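Asker: Here's the letter readout for the chains.
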Amino acid sequence: MFINIQDLLKKSNIRKNGFDYISVTKLITNDNMGKDNRFTPEDITALQNQPFIDDAAPLIPNRFQVVASAGEMIPFASDIFIEALDNKFIDTVPPGFTWNEGQATVPIIFSSEFLEMYNVFAPSYGLPQLSAATASNVNISLRCEGSLGERVFTAQIVAFSDRVNSLLAPKSFVDWANETLAGEKNVKASRVFLKTKDANNADLLQFLENKAYRINKDKTAFGRSRQILQGIITGLAVFGMLVIILALMLFSFYLQLVIAKSKQSLELLLTIGYSPSWLSKKIAKQFIPVYFIVVIIALLLTQLMQWGFHHFIMYDRPELNTVLHWGVVSTAIILIILSIITNYKMIKKLLFKLF
Amino acid sequence: MLLQIEKLIPAYFEPAQIIGSEIWGKRIDVLPGELIKIVAPSGSGKTSLIHFIYGLRNDYNGKIILKEQDLQLFKPEDFATIRSKILSIVFQDLRLFPALTVFDNLEIKRQLNPFHPKEKIIEFAHRLGIESKLQSRAGTCSYGEQQRIAIIRSLLQPFEMIMLDEPFSHLDNVNAKKAMELILEECKSRNACILLADLERVDFFPYTKLLNL
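Protein chains in written order, with the working numbering: chain A, 346 to 700; chain B, 231 to 443.
These are calculated hints, taken from the structure and not from any lab test. These numbers come from a predicted model, not from an experiment. Using N, Cα and C, we set each Cβ at its ideal position, and we do this for glycine too. Where hints are given, some of them may not hold.
[Stated by the list, open to error] Using 27 Å as the maximum straight-line C-alpha spacing, the simulated BS3-like pairs for lysine-lysine come out as follows:
(1) B:305 with A:627
(2) A:693 with B:315
(3) B:407 with B:350
(4) B:348 with A:627
(5) A:608 with A:626
(6) A:608 with B:305
(7) B:256 with B:297
(8) A:626 with B:305
(9) A:627 with B:315
(10) B:315 with A:626
(11) A:694 with B:305
(12) A:626 with B:348
(13) B:256 with A:698
(14) A:630 with B:305
(15) A:698 with B:305
(16) A:693 with B:350
[Unchecked claim] Derived CB-CB ranges, DEER-like:
(17) B:259 with A:697: 37 to 43 Å
(18) A:699 with B:343: 17 to 23 Å
(19) B:356 with A:686: 43 to 49 Å
(20) A:599 with B:293: 40 to 46 Å
(21) B:245 with A:599: 48 to 54 Å
(22) A:686 with B:288: 29 to 35 Å
Just need the whole structure built from these sequences, with the hints factored in.
Answerer: Below, the structure is given as structure tokens:
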């Protein structure tokens, strides 16, 4: 059960290559409203240097106005924003996701969530709902207007991203447009994307809290309850170990009692010439079936409980196992071997003491 | 040389206690096949001597060399070996398993290192007149019967020396003679030495050496 719950906790995160990707912003409060709350390169370097953060990259925003319209088919126009992110942070990068100066078409990676949101409100505005495939075929007109000029591009959705909630354009395009249309170089990011092994790492959460950075609440809320659950489960595991140690001690006391009870007979056997080593082996062998029976019954009960847990509480979730983990079975085997060896040694010691 | 005793004195003895003894503090050599009689009044350390040689206690000064090996250097396993191959014993306090039957008491010894087949148990029991007791629990037998069981038990293993500690104390003369005959026969077939310790002279023991303890 311990192993199953560990599995469950691990699998509840969307992971790619075993990493979590989260975006952080600076927390906007009444005190820092109106100030520059964007990330400086130093901030990003500081993030990159943390042991629990594997990588960090800024999401560079547009510094000019963008209005998107979809032409005649979908009579809809909206001010939008676009951002640029390092390609290695994007889960779906198609080969065509590049832009060179002079290119009229800008490839866009669209957030799957935004498409869902669009499909929710589209009927209310008399707009058609769009599938991902159809959305990719819509030619979007992108009017970019900054203090230094205005350009119109054609945008095409080349991919959808589950990970990044944004409209991503190639970095070369955003940099070029920021410089050409708005006259801004090295634009500071208001969002930073983090790559980490565990988004619920306590150190990471503490660090972000100290820095007053805000991250996706869903993930951390889960992280908190996971930490508590993990604590309880670990406590249970420790308790289980204590019970095992106690049981082993109890069994060894029982063995000592058995030997003490038959002390006179054993002494006499030794006196008439029986070898103490031979005798201890003989006595130890008597108990081997007992260990096996106890451990096999315990394994069967554990298996039954595991089945009940999986079937009735977890409703046969496919990512969990009904069959016991091999670790449990090998622990049982190790326990049998351990008790055979330690008890044999103890019997031998007691018998040699009788001699 | 089977057994050699050198300047042996129990650690708990007063110096006055060994005066006049032909064993304590002296050198004794025992050869294979010798029949030794030790006459010892109570308190002279007869049982101690036998327990020293058998390895049940080791609080003594001096040396006991059995088959060229010093007993003080023996480990429990070594004692187990000599008790099943070289030394046999009839304890003064008999030491039987009271809860086991007479037959099981004998068989448990025979199985340790079988020298005789199982049938010999019945034959010996018949000769000493306890055949009818074979299936009774040893604890329910009289002292005389228990003594005969202990004697038979000591003859069911191979040995080069048998030590008898007041072996006939609970037997009448007729039964004692029968037992003595059986012991002598068995020792002759093994060319084994007898070390018999008693309070007084047992006149039907044909000893070759007499020692006063």
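Asker: Does each hint fit the structure? Answer for all of them.
Answerer: So, going through the hints one by one against the coordinates:
1. B:305 with A:627: At roughly 20 Å apart (the allowed maximum being 27 Å), residue 627 of chain A and residue 305 of chain B satisfy the hint.
2. A:693 with B:315: Holds, at roughly 23 Å.
3. B:407 with B:350: holds (19 Å)
4. B:348 with A:627: holds (23 Å)
5. A:608 with A:626: Holds, at roughly 16 Å.
6. A:608 with B:305: holds (20 Å)
7. B:256 with B:297: holds (19 Å)
8. A:626 with B:305: Answer holds: residue 626 of chain A to residue 305 of chain B is near 18 Å, not above 27 Å.
9. A:627 with B:315: holds (21 Å)
10. B:315 with A:626: holds (21 Å)
11. A:694 with B:305: With Cα atoms ~14 Å apart, residue 694 of chain A and residue 305 of chain B stay inside 27 Å; holds.
12. A:626 with B:348: Answer holds: residue 626 of chain A to residue 348 of chain B is near 25 Å, not above 27 Å.
13. B:256 with A:698: violated (32 Å)
14. A:630 with B:305: Given pair residue 630 of chain A, residue 305 of chain B holds - Cα atoms ~24 Å apart, limit 27 Å.
15. A:698 with B:305: holds (12 Å)
16. A:693 with B:350: violated (34 Å)
17. B:259 with A:697: 37 to 43 Å: violated (33 Å)
18. A:699 with B:343: 17 to 23 Å: holds (21 Å)
19. B:356 with A:686: 43 to 49 Å: Once the Cβ atoms are compared, 48 Å apart, the range 43 to 49 Å for residue 686 of chain A and residue 356 of chain B holds.
20. A:599 with B:293: 40 to 46 Å: Since residue 599 of chain A and residue 293 of chain B have Cβ atoms about 44 Å apart, the given range 40 to 46 Å holds.
21. B:245 with A:599: 48 to 54 Å: Between residue 245 of chain B and residue 599 of chain A, where Cβ atoms are some 50 Å apart, the hint holds.
22. A:686 with B:288: 29 to 35 Å: holds (31 Å)
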